[in-house]
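Asks: The residues making up each chain are set out below.
There are 8 protein chains.
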Amino acid sequence: MDEPALRQLLDDVASGTCPPDDALRQLRRLPFADIGFARVDHHRLLRQGLPEAVYGPGKTAEQCAAIVVELLSGGGGPVLLTRARPEQVTAALAAAAELGEEGGRVVQPGELATVIWRPAPRRAGRVVVISAGTADLPVAEECAAVLDALGLPPHVLADCGAAGVHRLLSVGDELAQADAIVVVAGMEGALATVVGGLTPAPVVAVPTSVGYGSAFEGVTALLAMLSSCAAGVTVVGIDNGFGAACAVARLLP
Amino acid sequence: MDEPALRQLLDDVASGTCPPDDALRQLRRLPFADIGFARVDHHRLLRQGLPEAVYGPGKTAEQCAAIVVELLSGGGGPVLLTRARPEQVTAALAAAAELGEEGGRVVQPGELATVIWRPAPRRAGRVVVISAGTADLPVAEECAAVLDALGLPPHVLADCGAAGVHRLLSVGDELAQADAIVVVAGMEGALATVVGGLTPAPVVAVPTSVGYGSAFEGVTALLAMLSSCAAGVTVVGIDNGFGAACAVARLLP
Amino acid sequence: MDEPALRQLLDDVASGTCPPDDALRQLRRLPFADIGFARVDHHRLLRQGLPEAVYGPGKTAEQCAAIVVELLSGGGGPVLLTRARPEQVTAALAAAAELGEEGGRVVQPGELATVIWRPAPRRAGRVVVISAGTADLPVAEECAAVLDALGLPPHVLADCGAAGVHRLLSVGDELAQADAIVVVAGMEGALATVVGGLTPAPVVAVPTSVGYGSAFEGVTALLAMLSSCAAGVTVVGIDNGFGAACAVARLLP
Amino acid sequence: MDEPALRQLLDDVASGTCPPDDALRQLRRLPFADIGFARVDHHRLLRQGLPEAVYGPGKTAEQCAAIVVELLSGGGGPVLLTRARPEQVTAALAAAAELGEEGGRVVQPGELATVIWRPAPRRAGRVVVISAGTADLPVAEECAAVLDALGLPPHVLADCGAAGVHRLLSVGDELAQADAIVVVAGMEGALATVVGGLTPAPVVAVPTSVGYGSAFEGVTALLAMLSSCAAGVTVVGIDNGFGAACAVARLLP
Amino acid sequence: MDEPALRQLLDDVASGTCPPDDALRQLRRLPFADIGFARVDHHRLLRQGLPEAVYGPGKTAEQCAAIVVELLSGGGGPVLLTRARPEQVTAALAAAAELGEEGGRVVQPGELATVIWRPAPRRAGRVVVISAGTADLPVAEECAAVLDALGLPPHVLADCGAAGVHRLLSVGDELAQADAIVVVAGMEGALATVVGGLTPAPVVAVPTSVGYGSAFEGVTALLAMLSSCAAGVTVVGIDNGFGAACAVARLLP
Amino acid sequence: MDEPALRQLLDDVASGTCPPDDALRQLRRLPFADIGFARVDHHRLLRQGLPEAVYGPGKTAEQCAAIVVELLSGGGGPVLLTRARPEQVTAALAAAAELGEEGGRVVQPGELATVIWRPAPRRAGRVVVISAGTADLPVAEECAAVLDALGLPPHVLADCGAAGVHRLLSVGDELAQADAIVVVAGMEGALATVVGGLTPAPVVAVPTSVGYGSAFEGVTALLAMLSSCAAGVTVVGIDNGFGAACAVARLLP
Amino acid sequence: MDEPALRQLLDDVASGTCPPDDALRQLRRLPFADIGFARVDHHRLLRQGLPEAVYGPGKTAEQCAAIVVELLSGGGGPVLLTRARPEQVTAALAAAAELGEEGGRVVQPGELATVIWRPAPRRAGRVVVISAGTADLPVAEECAAVLDALGLPPHVLADCGAAGVHRLLSVGDELAQADAIVVVAGMEGALATVVGGLTPAPVVAVPTSVGYGSAFEGVTALLAMLSSCAAGVTVVGIDNGFGAACAVARLLP
Amino acid sequence: MDEPALRQLLDDVASGTCPPDDALRQLRRLPFADIGFARVDHHRLLRQGLPEAVYGPGKTAEQCAAIVVELLSGGGGPVLLTRARPEQVTAALAAAAELGEEGGRVVQPGELATVIWRPAPRRAGRVVVISAGTADLPVAEECAAVLDALGLPPHVLADCGAAGVHRLLSVGDELAQADAIVVVAGMEGALATVVGGLTPAPVVAVPTSVGYGSAFEGVTALLAMLSSCAAGVTVVGIDNGFGAACAVARLLP
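Residue numbers (numbering that gives the first Met the number 0), protein chains in the order written: chain A, 0 to 252; chain Z, 0 to 252; chain B, 0 to 252; chain L, 0 to 252; chain Y, 0 to 252; chain U, 0 to 252; chain X, 0 to 252; chain S, 0 to 252.
You may find that some hints are simply not true.
[Claimed, not checked] Pairwise CB distance ranges, derived in the manner of DEER restraints: (1) Z/R122 / X/T59: 53 to 63 angstroms; (2) B/E110 / A/P85: 16 to 26 angstroms; (3) A/R122 / Z/G171: 21 to 31 angstroms; (4) X/Q176 / S/L98: 34 to 44 angstroms.
Everything labelled a hint here was simulated from the structure, so no lab data went into it. Here a beta-carbon is modelled for each residue, glycine too, at the ideal position from N, C-alpha and C.
Isolated chain A, as found in the complex:
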């Protein structure tokens, strides 16, 4: 309930159209549905410009399916299921299909799938997702899938690690034309710095848990990206391709 609606409500009370008790009730009514184990937010798209995404881990397959159904019932925007295990995917697809929503697209099927229903229409904005190594691809793919769902299908550039600067320079044109760049890198995460130094575009860095030993499951890349000497690089959590996609959706006009 935004301000014009609040104003309208009060006008209605003033004019007698709406009795005070009703107004009180309405002021309390909130834009979500309580389905017991979850409070499903039907207005997040309006409030944040982002779809509600169901994060799989820690939920049962039944809970995933029920939340997806509630969301699909609620409005017309995109609905996502992320980091889903196969049984969660199956349950959610089946439940959605019963509702008549057949078109769930499964990205990167396997242990950590993303499922998309009702992707948003294409928005303006050239987005590049660039990753350092082949092992960073799953996170980059999650990010790309979410961007797709948000109407921002990105160009994915794989295997451009900073140790081979010439590979990076070869994609200079694509970087130069991007309206937003997501850098996905594990190990020492130096790619964020080098890309940040080459372009005036907004750069969202995603540290990944790729690497072993001193990479410390992504902590090294995380700290390195936060300390980047390329000014104005921003960072999201480790392996958080979803968050980076949302950040891009926020910043593109």
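Chain A is fixed; fit chains Z, B, L, Y, U, X and S onto it per the hints.
Replies: Just chains Z, B, L, Y, U, X and S now, kept in the frame of chain A:
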């Protein structure tokens, strides 16, 4: 040297206007000036859309002054000296004045001043810098000063911590109209989550070293912001008001 | 042996009813039973107001069953088996049944069950357990089960994360009427701060290991809750729903 | 603005007593005063049962004085200035005196003073603050001072470390009669466990930064208290005597 | 080769009994056997008073068996295989039996067995191994097994955690008579402090990885024990029951 | 494209042999092949003196095979597949064989195999790989396999831990004659210091994740090696036998 | 009050010599003096075999002096003031002198002095304190001073770091004859391993905060010593020379 | 005493030239001088190819001077005093001058000076020290000073951070011709990766404590360098310019 210039150079070689040896020399010439202890970058504004900022800590007052002079000699964009100690400020202001650049503005004089010469003209974009507590103000002020220098004077909202949600709701209109929001918070950094949940605008979170004991000099706020359940919040390093301002400059069109 | 009992003992010695050697022996006799691998505490209920709980991990199924049997033999108060694996549950239920204690209630059967025998009668006190996300529910349920056993069945409010402040405000009445609130949250744990700022009731915060990457298995939420800018919020260990329930039992009159 | 007030406002709009525009304005008016660098909360006492405390570090002496003045102007409850440096104390006392509030009491004058104006009247409830070593006393004293201000003057028991269990047993009666116990301990913080095992009262543990080397500025005591095998012990941040006092104020009826 | 042997060697050279080249060769000969993947130390018993123990993890079953065989061939002292997986135990027992060493005793068979051949004869010294909880028993048992092998069969006291001080006081006599005490505790490890405060005997503390969440796999207990306010408590690594037993063997005369 | 080639290209443009557009295209052409999920670097051998190694973890078997094929097609130098799971080994060997490259040598078959095709010819330089315990051997073997592939077959000395200094002294001659030494050690990593103190040769230390509890998966050895009081010891990441071998290849002339 | 005394008390009650109320009072009377900010333990020497030491940091000079006076009044054993700042030393010496205890010996005067009154008579036992570098000497000296006070004047061997193994071997005889060895080392702490491997004596390792950068204020040495591959080495906290001395006093018969 | 000397000694014993007792004494005599608080190593140059350097911190000015004097008396090689405070420099220069060694050169006078006596003659080998920012220069200068002393005066390239890749490419020729490269960088340390990817030379990376907040005093750069995706980069401790210089001295032939 961008691609059209490279093309021109090669055309000149082809036409004989430029002998190969000269071209080779030019291809090697890079847009910075080597002043011994620093390589001053005169093209950063073009390449990154950001001014070169001289970071005070670890430099002598003489080094600060010399780099500022070199930068002021180089072009017409803004020049900044950040995190400067008083003797660095004095030396830089004096050296700039000799050059005829009298107008260095000192923000937050004291231990960690920012000095701005030749601020950029006003750009479009409403920016809000919101901070959690009074003790977070120095970082918020640094961020605001850099935004000023970049042509993006922000609205600063102080003392809006998440423990008093009503204080935050009272500034809801200002948040709703912002094109970009910088959240500055120490302790547990919950303000980033609450703001991120209220607005579709891009949110850049700056953890501060405010708090004692379990705040661990900003680590707690940093981790909390990176793990925010408000999707799409991005984070810069601890106390890095400068970085947040640059991130905003990157993302505004 | 409390002070009146000690006084009585000394009176008995003084009056000759009790020879010194017997008194010495009694002073040494302690209120527990040594069953080899455990010293079962039959007086904890009196001393701490809390039942002895058998913590499953690291014990064999046989050990769990034997301790449960010893406890059930000892007095009339509640007995709990927590974080129990299926084979531990089975063994303990069977052993208890042999003893004539049929009514063990299994909460949240699966990998981390809680089993309750002889729950305490209903005590006064309205307790709310509020959790941030659906994935935090298992910890919230453990906490609720232990509160149940202690005579304090709580109201559980699920999925009230701080990124959707309006969901939280919708449960404002329930928070306002609570005598004690347990906040269960992972990721950045901001819910503790927002709830702590809304209510004068005691707030016990339980960080959970929910979240990935920068949530660091609950460390982020733990540190955030300890650094909360809402004054007077207290914290228990990561995923320690049991401890939070005991803390509530201590603080309700 | 609580619910009855909201109901009244809506009634006034319905009856025409209050035009909608006025109601809108009132709905937006929030119970704090914006003094530029701070938003002073005049209703915290009502909302949280806790006074607003001005936390000294990171604020100028002028800022401290101005916030104290604003708070003293606002209502009749206690006002605190905590962790104040001498110049902050002096400025705040002087500003308060100008307002006619002469009675600021300075506790533990020196580097980290607490100043109290208008302490609350004596509330029911026996509180014990027990500390492990003499070096933990400053944190225990801060806690005691805040409890004093909240109407809960505690009994302070100093130097009862767990390595001398007999010293602890000697204060057993006082522990047994307490309605709430604050345990203040650095080094390995074992006192929290031993006290927690002896009493059914609520125990709030405050780790201190006392100790050197492996005490890691309080981290060791913090982790130990969070992992205490005495069930139901709760913990606040390192050296946070203020927070422990507020927690006690929350939990006493 | 100790000093008298060196003296003898030089005397032999002086007298012509031993040509210089032979002496040089002998000076280089060292008391171990190189079996390719291991250099088996036949003189450790003499040099350190400790048997060579084969640490299972990271070795193949064949390697374990071969090293055990080499050690059994070498002298008369005790030989141990620790932290052994079942296939390592089987292989080592079989290989030893072929050698005629039938008597390998397997302690705590399962995932982390200890196998002992040729235990040392009973030495003087009363050793107590005291553990905090039932879950700490496997580490306590490993320690006891190694003490057995070294001729120092200990008295094991289980489940004496510091939260139930009276359980601890009940074993006061046994502690008072001990020549050395090993304290095995996880969680917050407070038992080391309480025991250390009750007795003048040497106390070797073993932190265990027992506990979850904030126990951090034994780090909390480790730090707490290192910071113990009971002076003169010493500590070995997490779960290192073997090391504690060796420490006791070193310190008993 | 090195400088002479650049000079030649410009000469060709100057002479008209090469039209500017072609030159531009060539300047952009980079020495790698883009196979979708990877950019295969055919000139690394020239640029870094090191072969391209395919790091197995995080890649599918198909991706491993495809990259190996691309590399084998590209030039004549050594090709490595490291940390490969069995299905990756199988797929890569088969794909290579189809290409006519039958000779892939599998080192340390099992969970973490190294596969080598076309090992480099023997280079000058005596390299010693010395490891502290038998459990460190897998890392030492990986290092040795990579050195083999680079033409530097090392001498491997196993089980020379610092607690048995005499075992180390016995290999003094081999250390004295080495041109480079790799020290592989877990636990406390003291071997690096002792070796570093005995020899003037370059010492590359590899911390391993061997040890339990306080060894913290190699962090302890890593920190110890970085803090070694033997001057000039250098360190690579935890378990990074591959990196140590490459470091040796860089430093031998 | 030990067991015979308790027996006597009960006999007195039985015989009527002591009325029950008096006995109760005596049972409560504990062997310490409460001087307000400290509970001075007059029986620690009997209970732990260790003198009470006053730890300077966190105490005022007056508090130090008062506790020293109380201790000197209490019995005949040694009294120590450790880690004392100059004003603490001065105040304590003066207060002791007023009491007639002139002989306070100040060791290592300066920022971290140790003061000893009434050192214990010489006990049997050869103790060696060996330190790695000259910068470790202050910790070694503190340890030696406390050993002196306890009647165990040690032999201090300075600058025997593990990088120069020959320096260590030169003191082999002294190590071989020691009944207990304290190893004091910072940086990587390898000395503990090498010494532990050379001798069967008990080895107490003290990590020091010597070193910079990756030595992490002693954490590196601490972890290394805890992970030592020399079995049976025990460890005390960082820079805890006092604790190591007490550990030695515990373990010598 | 190396092997030929040992052989000679034994020959002398065999021939009667040297009585066994003398030989024994000589075998014990080690190549250092014990000056009480230090054992000065006169043969390090021979054994390690490195001069003995006196590390200032933790030593008194008198200790520094005495060790320098002992070293200058001992042989002809270079002597260094590192990380010296002004009073240490003054004392050491004076003491050396008394000895007739006037030529101590003070590099980077101020808080952390290096002093060099008797620098080694110029050795072959082109060394480049490249640093990321001006604030990294003190560490780079320390490294350069030590290289100078070792006969390897390096080329220092300042301010070549990875965010301005073109600045780095401009020094490509110098990198290409180097026999060894030291990379000095703080913040995220990405320079090590980029340099490591451009050159086949040995690269020794020195993380510096430059940067604030998330740079964590050099830990971020340290971890990033250890995890570098440029194979074969080695790392020394934080700010350890001295160690990097020694590493270079070891690896150049």
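Asks: Please go over all the hints and tell whether each is borne out by the structure.
Replies: Taking the hints in turn, this is what the structure says about them:
The beta-carbon spacing between Z/R122 and X/T59, approximately 58 angstroms, falls within the hinted interval of 53 to 63 angstroms. Hint check: B/E110 to A/P85, Cβ distance near 19 angstroms, so the stated range 16 to 26 angstroms holds. Checking the proposed 21 to 31 angstroms range against A/R122 and Z/G171 shows it holds: the Cβ atoms sit about 26 angstroms from each other. Distance hint check for X/Q176 and S/L98: the Cβ-Cβ separation is about 38 angstroms, which falls inside the suggested range of 34 to 44 angstroms.
Hint check: no violations occur; every hint is consistent with the structure.
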